[in-house]
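Heads up: the protein sequence lines correspond to chains B and E, in order. Everything in the first sequence is counted per this note's numbering, starting at 1 for the first residue and increasing by one. Everything in the second sequence is counted per this note's numbering, starting at 1 for the first residue and increasing by one.
One thing to keep in mind: the hints can contain errors.
Some chain B residues flagged as far from chain E (calculated, every beta-carbon gap over 12 Å) [said to hold, decoys possible]:
| id | residue |
| --- | --- |
| 1 | Y14 |
| 2 | R20 |
| 3 | D21 |
Pairs of lysine to any residue residues, derived as SDA-like cross-links and limited to a Cα-Cα distance of at most 25 Å, are as follows [to be verified]:
| id | chain 1 | residue 1 | chain 2 | residue 2 |
| --- | --- | --- | --- | --- |
| 4 | B | K73 | E | R65 |
| 5 | B | K73 | E | W90 |
| 6 | B | K73 | E | D96 |
| 7 | B | K54 | B | F22 |
| 8 | B | K93 | B | V36 |
| 9 | B | K73 | E | L50 |
| 10 | B | K73 | E | R134 |
| 11 | B | K93 | B | P45 |
| 12 | E | K80 | E | T105 |
| 13 | E | K80 | B | S66 |
| 14 | B | K73 | E | G62 |
| 15 | B | K73 | E | L91 |
| 16 | B | K54 | B | Q28 |
| 17 | B | K73 | E | E132 |
| 18 | B | K73 | E | D94 |
| 19 | B | K93 | E | N141 |
| 20 | B | K73 | E | V131 |
| 21 | B | K73 | E | R126 |
| 22 | B | K93 | B | D113 |
| 23 | E | K80 | E | P19 |
| 24 | B | K73 | B | S88 |
| 25 | B | K54 | B | S42 |
| 26 | B | K93 | B | I76 |
| 27 | B | K93 | E | P152 |
| 28 | B | K73 | E | I119 |
In case anyone wonders, no lab produced these hints; they're calculated from the structure. Quick reminder that beta carbons are idealized off the backbone N, C-alpha and C, glycines included.
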Amino acid sequence: MAESVSHAAVHELYDAYERRDFERVAAQIHDDINWVIYAPVSVFPFAGPRRGRKDVMEVMARIAESYALLRYKREIVIVEDDRAAVMSDVSFKQRATERMLRFRIANFLRFQDGRIIEFREFINSFDVAEQVLGHELRT
Amino acid sequence: MTVSRQRTSAVPADAAPLPARAVIEDIQDAFRHGDYARIAARYDDDVDWLFYGPPTIFPEIGHRRGKIAVFQAFEALNTKYRFDRHVTEWLIADGDCGASIADVTLVQRASGRTIRCRIASFFRVRDGRVVEYRGFVDSFNAAEQVLGRELPV
Chain B
1 MAESVSHAAV HELYDAYERR DFERVAAQIH DDINWVIYAP VSVFPFAGPR
51 RGRKDVMEVM ARIAESYALL RYKREIVIVE DDRAAVMSDV SFKQRATERM
101 LRFRIANFLR FQDGRIIEFR EFINSFDVAE QVLGHELRT
Chain E
1 MTVSRQRTSA VPADAAPLPA RAVIEDIQDA FRHGDYARIA ARYDDDVDWL
51 FYGPPTIFPE IGHRRGKIAV FQAFEALNTK YRFDRHVTEW LIADGDCGAS
101 IADVTLVQRA SGRTIRCRIA SFFRVRDGRV VEYRGFVDSF NAAEQVLGRE
151 LPV
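Whole structure, please, built from the sequences with the hints as guidance.
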């Protein structure tokens, strides 16, 4: 049977991310994490697959470099056994342009030995790309 | 595909409400079998349904309120796309909520293009029926697959 993760542990992880406590977040990430953000690398260079804690922490650092987190409101938190799914209403400010971005974000997490071993992130990437670029995409 | 306001007989009126996991599993199994009557029986008449994506490329999705409107969206999607494959990769449930990731392959009927994407779904269930749905896809990538070319940025 899979080990279980608690609601409290998931909230603690997101609380740490929200207050930009990356040391605390890093402690919750497995050395061998399998990580994917599904979004175009042409707009979000930090998107795509990553393997291992070092690469994942680099991703978080790159996101923080380009975008200031203004809000990360968890709307749905689902926890079962070793897995969690979190849907949040988030706002960021693009530092270079001061553009405000607002979108919903969906995370899926699997834990092993008390740390995240698998992570998948989904956004409405077409809409968020338009917000980042400041113009509609030509289709 | 026609959906009436009458509840279908797939779920007996006196049946105990299923938990969220069972409801989602039933919907996904029915989807794989193209059994839309069974799916309809698992959606609340007043469901709040939202699949995030660009209306310019996917006018069929977006926000829909009520089972009739949701099934009109499904019908519009089925007119344009044929669903070839739906594999549930993740499914977790907790109380009245559940979430899943599915690996989906569909074919654009007009062009014959194959589109493969992962769809993330969040469900809220009450009395054995879905009352709220939120769907996510890497919509930039899905749009490129539908258009058959890269989007200029």
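Each hint, compared with the structure:
1. Y14: Y14(B) is indeed farther than 12 Å from all Cβ atoms of chain E, at 15 Å.
2. R20: Label holds. Min Cβ-Cβ 25 Å, cutoff 12 Å.
3. D21: holds, 26 Å
4. K73(B) with R65(E): It holds: about 24 Å lies between the C-alpha atoms, which stays within 25 Å.
5. K73(B) with W90(E): holds, 23 Å
6. K73(B) with D96(E): holds, 20 Å
7. K54(B) with F22(B): Holds. K54(B) to F22(B) sits at ~12 Å (cutoff 25 Å).
8. K93(B) with V36(B): It holds: about 22 Å lies between the C-alpha atoms, which stays within 25 Å.
9. K73(B) with L50(E): holds, 18 Å
10. K73(B) with R134(E): Distance of about 16 Å is within 25 Å: holds.
11. K93(B) with P45(B): The given pair, whose Cα atoms are some 17 Å apart, holds under the 25 Å limit.
12. K80(E) with T105(E): Since the Cα atoms of K80(E) and T105(E) sit roughly 14 Å apart, the hinted pair holds (cutoff 25 Å).
13. K80(E) with S66(B): Distance of about 38 Å is beyond 25 Å: violated.
14. K73(B) with G62(E): Holds, because 22 Å separates the two Cα atoms, which is no more than 25 Å.
15. K73(B) with L91(E): Given that 25 Å is the threshold and the Cα spacing comes to 23 Å, the pair holds.
16. K54(B) with Q28(B): Roughly 13 Å separates the two Cα atoms, so the pair holds.
17. K73(B) with E132(E): Cα-Cα ~18 Å, so holds.
18. K73(B) with D94(E): Holds, because 19 Å separates the two Cα atoms, which is no more than 25 Å.
19. K93(B) with N141(E): Holds, at about 24 Å.
20. K73(B) with V131(E): Between K73(B) and V131(E) the Cα gap is close to 21 Å, so the pair holds against 25 Å.
21. K73(B) with R126(E): Given pair K73(B), R126(E) holds - Cα atoms ~23 Å apart, limit 25 Å.
22. K93(B) with D113(B): violated, 35 Å
23. K80(E) with P19(E): Judged against 25 Å, a Cα distance of about 33 Å means the pair is violated.
24. K73(B) with S88(B): holds, 5 Å
25. K54(B) with S42(B): holds, 22 Å
26. K93(B) with I76(B): Holds: K93(B) and I76(B) sit about 23 Å apart, inside 25 Å.
27. K93(B) with P152(E): It holds: about 23 Å lies between the C-alpha atoms, which stays within 25 Å.
28. K73(B) with I119(E): holds, 22 Å
In this structure, the hints that do not hold are numbers 13, 22 and 23, in rising order.
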